[in-house]
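Undergrad: Each chain, letter by letter, is given below.
Number of protein chains: 2
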Amino acid sequence: MLVSSAHKGETNIMTMGWHMIMEFEPSLVGCYIWSENHSRELVRQSKECVINLPTADMAAKVVGIGICSGRDTDKFAKFRLSAEKGAKVVAPLISECYANFECRLHDASLVNKYSLFVWEVVKAHVAQSPHYPRTLHYRGDGEFMISGTNTRRYRRLFKPEML
Amino acid sequence: MLVSSAHKGETNIMTMGWHMIMEFEPSLVGCYIWSENHSRELVRQSKECVINLPTADMAAKVVGIGICSGRDTDKFAKFRLSAEKGAKVVAPLISECYANFECRLHDASLVNKYSLFVWEVVKAHVAQSPHYPRTLHYRGDGEFMISGTNTRRYRRLFKPEML
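Chains A and B supply the protein sequences, listed in that same order. Each residue of the first sequence is one higher than the last, beginning at 1008 in the working numbering. Each residue of the second sequence is one higher than the last, beginning at 1008 in the working numbering.
There's no promise every hint is true.
As the list makes no split between identical chains, a pair holds if one copy fits it or if it spans any two.
[What the hints assert, rightly or not] Straight line, CA to CA, 25 Å or less: simulated DSS-like cross-link-like pairs of lysine-lysine: (1) K1085 x K1166; (2) K1120 x K1054; (3) K1166 x K1068; (4) K1130 x K1120.
Since the hints were made in silico from the structure, they are not lab data.
Taking the hints into account, I'd like the entire structure generated from these sequences.
TA: What follows is the structure in structure tokens.
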């Protein structure tokens, strides 16, 4: 995932590998953003971010964004990405991404202990097509798993109230 | 993922969709185990579990385990899975899974608020082959994404200290 942020006129993007859904209602996502990330103070101060889902064709940019720092780099310019205005947050959306989740900080109490930011998704934007994008999943050691297009359905096994 | 547990002679297995790596040293994993899961009290009381990684060929069992309850079902028997003795925890490993992570409870302070158990992996078992197993990723609505075998390497883009 790419996390974009804005604070006092400065914008930034970071590559994020560790995140999880934590609740449906409200829609909560937990994100690991550690103290070495320049974005950490931007999101902590502004209490906002956008979580952007890049597709597999953006892999080299995703790596590039992850190995330089917003301290000395304008990443929107360097990686030729378009900052788009959000509906509910000041942090910019990355237009080239398949989906963008505008987030407000729900809980900062786990930041010091676990570098865990709990975000509430307040607005979601998802591309109409393709239905299943090819996505990137970092394995460590410079290696990504590419997935997304191989789907298997087991609806018939579920009870209706579990879907 | 399949979470196996044991407490006072009772064993159980649950299917878990939401989890994330939270730290490397110590090796921490956050797991969402909500109050409706029969396993919740077993892992809370025993302070142990095993996180087992099933392969794609086990999909129907993974669904089956997720839609019945340990309250009235012996899941090892019903799904013909083999309970194997762990090295460091009493909770049983599921032999048929590709990898097994023996865990001790690291932090229970987020259980009431977020149903989040923070586990420390104290012993890992991983199959020698295949190198890349086909894995299951729940999308919701009875649908899984199958992935694992499509890999892309970007080692050359990384600085050595970042790998």
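Undergrad: It remains to establish, for every hint, whether it holds in the given structure.
TA: So, going through the hints one by one against the coordinates:
1. K1085 x K1166: between (50 Å within a copy, 18 Å between copies)
2. K1120 x K1054: Both: 18 Å inside a chain and 21 Å across chains, each within 25 Å.
3. K1166 x K1068: Between. Shortest inter-copy distance 15 Å satisfies the 25 Å Cα cut-off; intra-copy 42 Å does not.
4. K1130 x K1120: Close across copies (24 Å), not inside one copy (28 Å); limit 25 Å.
Consistency note: the structure conflicts with none of the earlier hints.
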